[in-house]
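A.B. asks: Sequence:
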Amino acid sequence: MAVATAPGASLSIDNIVELLGEDADYLLNHTSTTIPKETLHLPGGDFVDRVWVGSDRTPQVLRSLESMFAHGRLAGTGYLSILPVDQGIEHSAGASFAKNPAYFDPENIVKLAIEGGCNAVASTFGVLGSVARKYAHRIPFMVKINHNELLTFPNKFDQVMFGKIKQAWDMGATSVGATVYFGSDESTRQLIEVAEAFAMAHELGMATVLWCYTRNNGFKVDGINHETSADLTGQANHLGVTIQADIIKQKLPTQTGGFKALNTGGSSYGKLDERIYTKLSSDHPIDLTRYQVANCYMGRAGLINSGGASGANDLAEAVLTAVVNKRAGGMGLISGRKAFQRPMDEGAALLRAIQDVYLCEDVTIA
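The working numbering puts the first residue of the sequence shown at 11, with every later residue one more than the last.
Worth flagging that the hints you see were computed from the coordinates, not collected in a lab.
Just to be clear, a hint being listed does not mean it is correct.
[What the hints assert, rightly or not] Calculated lysine to any residue pairs in the SDA-like style (CA-CA distance at most 20 Å, straight line): (1) K270 / G321; (2) K121 / M354; (3) K230 / K176; (4) K144 / Q200; (5) K176 / F229; (6) K176 / L161; (7) K261 / E371; (8) K109 / I99; (9) K261 / I286; (10) K144 / K166; (11) K261 / E213; (12) K270 / Q254; (13) K121 / T274; (14) K230 / K281; (15) K230 / Q265; (16) K176 / L160; (17) K281 / F229; (18) K261 / M354; (19) K166 / A105.
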């Protein structure tokens, strides 16, 4: 099905049902009986005033948060649609931009975010710094401050700092983003570095966003990759909000039971309570994602899920992820490769389709 691209056009609930296909009833009519929606701090146009105004965040940080919530097609809803393009480092530039070499030019990244109606654009010091004077006042900048680069031989997986917080502030950024690979050998150092960076960002008046990824080959047990289990990713989220991330970025959960799997045989890992699996979550993707939201201080820090890699059914997959995130109580989507690995008009249309899910009143909180 073609996405409507005319100005003001949007996906209807019928379009969303068609894109979800056989999963439509399963996702759109699910009633969550795990963590009641009434106990969550849900997104809304008053989110900053309702949730953050009583915190220790300074007026400058509140203004930075509000600048994101007030921008783009989702302005005033409390939901966020963010274009992240740091794959030139994280996945190597050639591999990321070969499908669409136009995005070797940083200006096209920012143009896509603007054309796609996003709340913010997230990218590297180099990308955003190269066009800051032209665009920092036109769309909120989110500077990704650390990365895992793939030129070290053999490849390793370690997030290292690529610049200073003051640089992000100088270029007019309203927020900074960072990644911690929880569970990895270097996670303690990453946690310390990011906590210090976030404290400085808040001091300067910028909001903070943490990519709370779990990463360890040992998390893959009996053919199941528990790096996307709700219990492990939920705990990663809880660590993220502990160092005062204002927004948490997390992969959509695919199952749960990571702590159980890592506590079999003679191994001992972490702590668990059976009620995590019997009361606080189920095998339904909306309930699994709601457990992630709960670990973000019951939604006080917004949960944005990542869009994942580009594939054969990007539009349907993006809409499905948005439906799950919204119905779980999440705050939005941060989707990159599905958008920039295609012509700009198609990428912008896909971003707008994601936003349509959050604008659609028929897609409700489960």
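A.B. asks: Hint by hint, which ones does the structure fall short of?
C.D. replies: Violated hints: 1, 3, 4, 5, 6, 7, 10, 11, 12, 13, 16 and 18; rest satisfied.
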